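**Student:** As a plain string of letters, each chain reads:
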Amino acid sequence: MLQEGAGRKKITYFDNACQTLRPKQVLDAINQYYLKSSACSGRSMHQLAAEVTRECDQARVLVAKFLNAAKKEEVVFTRNTTEGINLVANSIGLQKDDVVLISDKEHNSNLIPWQMMARKHGILVKIVPSRPDNTFDLDAFEKLLDPKVRLVSFGWSSNLDGVTIPVAEIIKKAHQNGSLVLLDAAQSAPHHKANVKALDVDFMAFSGHKMLGPSGMGVLYAKYQLLEKMDPFLVGGDTVASSTYETCEFLPPPEKFEAGLQDYAGIMGLGAAAKYLMDVGFDAIEKQELLLNEAITAEIKDIPRLKLLGPADPRLRGGVVAFTLEGVDSHRIALMLDQMAAIMVRSGQHCVHSWFNAHQIKGSVRASLYFYNTMEEASLFTSSLKKIGKVL
Amino acid sequence: MFCIVSFVVLGILGIFSASNRQLAKESLDCVLRRVTLRPCNTGFDEKMKAKILGFVIVRSEGGARLLNRIFEPLSWIFFVLLMASSIWSVRGLYLFYTSGSCNGLNSTAFCVFDPKGQNNQTSGLLQTCKVTPTTQADLTLKGVDLSGFPVLNPTAPDKIVFIGCYHCDYTRATYPLVRQLVERYQVSFTFQNYPIVHEPTDYMTRLSLCAYQQDQTKYWKMNDTFFSTAKANLDDAAWMQTTLTGLGFNTSQLNSCVAAPATETTAKQQMLEMVKTKFFGTPTVFVNGVATVGPKPYRVYAILLRGLFYWLR
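Here the protein sequences come in this chain order: A and B.
So the first sequence is numbered by our numbering: it starts at 372 and just counts up by one.
So the second sequence is numbered by our numbering: it starts at 37 and just counts up by one.
Among the hints, erroneous ones may be present.
[Stated by the list, open to error] Computed footprint of chain B on chain A, listed as stretches where at least three residues anywhere in the stretch have a Cβ under 8 Å from a Cβ of chain B: (1) 591-602; (2) 697-703; (3) 754-762.
[To be verified] Per label pair, the in silico range of CB-to-CB distance: (4) ALA54/B with GLU617/A: 54 to 60 Å; (5) ARG74/B with GLU617/A: 55 to 61 Å; (6) LYS678/A with ALA145/B: 57 to 63 Å; (7) ARG74/B with VAL651/A: 47 to 53 Å.
No lab work stands behind these hints: they were computed from the structure.
Since the structure is predicted, the reported quantities are computational estimates derived from the model, not experimental observations.
Where is the CB? At the ideal position from N, CA and C, for every residue including glycine.
Make the full structure from the sequences, and use the hints.
**Tutor:** What follows is the structure in structure tokens.
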């Protein structure tokens with residue numbers, strides 16, 4: 372896809388926060404299912420079924436290793452981060468007046484489920500405000516912690532500005548308060564090493580499509596003892612060991628949370644993506660992203676009317692360069708970049724409408740980088756943006 | 037205004053391309069909002085402006101800067117031009133429908149719907165005929181004495197006067213249409229052959245005069261036959277005699293009449309009367325006094341006779 376051809380000029384793909392491109396290894400893993408072992412896992416007894424069961428189990432092991440989970444059964448396959456968060460919201464038994472803390476710049480995936488829980492079950496959703504530079508405000512967080520806080524649910528890295536929150540401190544303080552912690556790791560899992568055991572995090576949800584994996588495939592990590600206590604969210608086929616006309620006997624986790632026939636190809640693809648990232652190594656990934664972000668930030672920070680979202684220091688923004696150009700619609704900039712040099716960035720409110728509405732900002736342009744992006748691409752982006760800055 | 041211009045342009049391009057069709061739909065949405073006095077908040081204008089600027093900026097930064105600055109006024113200019121050209125196009129279409137030419141009756145200026153000008157082709161009078169070139173405005177029946185010319189349904193209120201030439205291809209194409217119209221609406225129809233193409237038509241003029249004098253009913257049958265037969269037959273003396281006999285004419289009387297000097301004199305007088313109309317080519321057809329030059333479509337004559345909605349009557 373990154374090469375010129377098929378009626379398209381060479382692209383510069385800077386929309387990785389939305390979805391990354393996939394390496395051949397991932398595509399091969401997906402293809403392998405459809406070409407060699409397209410059958411049901413865990414249900415049938417024939418050799419194809421056994422092969423699929425083995426491959427899916429191997430993928431779960433790889434993902435568990437990717438997370439440094441205590442055991443593979445702590446990995447629940449979902450469709451995406453949103454489903455993982457919804458699963459937690461609907462399964463941990465939140466009661467009226469329970470408090471859930473979220474930050475002021477959560478993706479809709481980590482906002483709307485709690486709004487729905489508030490509407491249906493009377494929970495209270497409290498917002499932890501960020502500092503003026505959009506970094507996490509630990510003091511504000513601590514002030515809101517009280518015994519009624521049942522769960523804190525934060526985006527680990529923001530898709531808005533790339534800011535990563537201090538999860539270790541947050542988890543520690545939340546646990547001291549007796550609260551559970553859910554991390555929306557959609558934007559962090561592809562970029563930072565997630566050591567769930569060391570972090571002692573309770574839940575972590577992320578998506579495959581942002582970390583080289585297939586779309587429609589995600590993961591909810593949860594401590595096993597929590598999974599055992601939780602009621603399943605979606606129920607039906609594959610979630611029970613047996614049933615009568617009156618009742619049923621649920622399978623142990625993770626199966627009781629994986630209702631219906633699973634996306635076996637997606638699971639295998641996700642396993643391959645996890646392996647690929649582990650092979651590349653997060654040190655190398657973070658280093659390349661920082662290199663690119665520093666180069667871009669240095670070049671564009673002086674463009675008149677351009678305002679970076681989040682802290683000025685690129686080291687605090689991971690692979691994200693988000694900005695507004697005063698008086699210019701963000702979509703116009705994105706379209707012009709595409710038209711000028713096939714540079715693909717995201718524009719608009721990035722599913723964080725709440726933050727934009729609160730700050731009365733119509734939208735921003737977001738260039739989100741990944742380790743396969745190059746300095747040449749960064750240079751093309753900055754030179755194109757400078758031209759736009761002069762013209763508009 | 038940009039969305040309105042875009043809608044028209046993309047609507048046309050959309051016939052050939054699916055991506056433009058989608059853009060045309062978006063522009064239509066924007067247009068509908070504008071015409072219902074709602075803001076166009078679909079982002080279409082922004083999207084198109086960005087695409088255009090993106091295209092221009094890689095070629096000329098200065099050009100893109102200028103375009104960005106004057107984009108709205110430029111949109112208005114294009115809008116006005118679009119409206120003007122639309123009105124002009126509708127006018128052209130209307131004129132083509134009613135007169136067979138985008139530029140008005142008998143105009144020979146270029147018309148996209150009739151690029152070869154077929155609706156205005158004539159066999160023109162030569163300078164030797166001493167007819168000075170004239171224009172549409174000069175063509176008239178005023179002062180022309182039509183008595184003695186072959187006429188059908190003489191008392192009918194609507195009148196068609198047809199100046200044609202038996203050997204003229206354009207006349208031959210027009211005559212059946214006019215005859216059809218005469219039959220349908222029972223209008224008064226005067227026909228005069230004006231020998232314009234080559235020598236033998238002089239003979240045809242005298243023959244026409246004599247035939248009408250001998251038997252009016254048979255004359256119209258003869259006329260219809262001459263215009264429906266192959267043109268070569270008109271120069272074939274044997275075919276002519278056989279045909280006239282077949283139509284029931286007294287051929288010896290006819291031949292005598294044709295050869296008589298008095299006939300030639302009368303024919304010349306009639307042609308001089310025709311020249312008074314200032315016609316400059318055949319066919320020239322006057323429908324209730326309005327002249328049409330060249331082979332017009334049937335509808336043009338019908339509209340002149342019965343109005344724009346002739347087909348409703």
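**Student:** Evaluate each hint against the coordinates.
**Tutor:** Here's how the hints hold up against the structure:
Chain B is given as covering the segment 591-602 of chain A, and this is violated because 0 residues of the stretch bring a CB closer than 8 Å to a CB of that chain, at least three being needed. With 3 residues having a Cβ less than 8 Å from any Cβ of chain B, the segment 697-703 of chain A passes the three-residue criterion, so the hint holds. For the segment 754-762 of chain A, the stated coverage by chain B holds: 4 residues have a C-beta nearer than 8 Å to a C-beta of that chain, and at least 3 were required. Look at ALA54/B against GLU617/A: about 55 Å separates their beta carbons, and that is inside 54 to 60 Å.
The hinted range of 55 to 61 Å is satisfied by ARG74/B and GLU617/A, whose Cβ atoms lie roughly 57 Å apart. Distance hint check: the CB atoms of LYS678/A and ALA145/B are about 59 Å apart, consistent with the given range 57 to 63 Å. At roughly 51 Å, the beta carbons of ARG74/B and VAL651/A sit within the given window of 47 to 53 Å.
When each numbered hint is compared with the structure, a violation occurs for hint 1 only.
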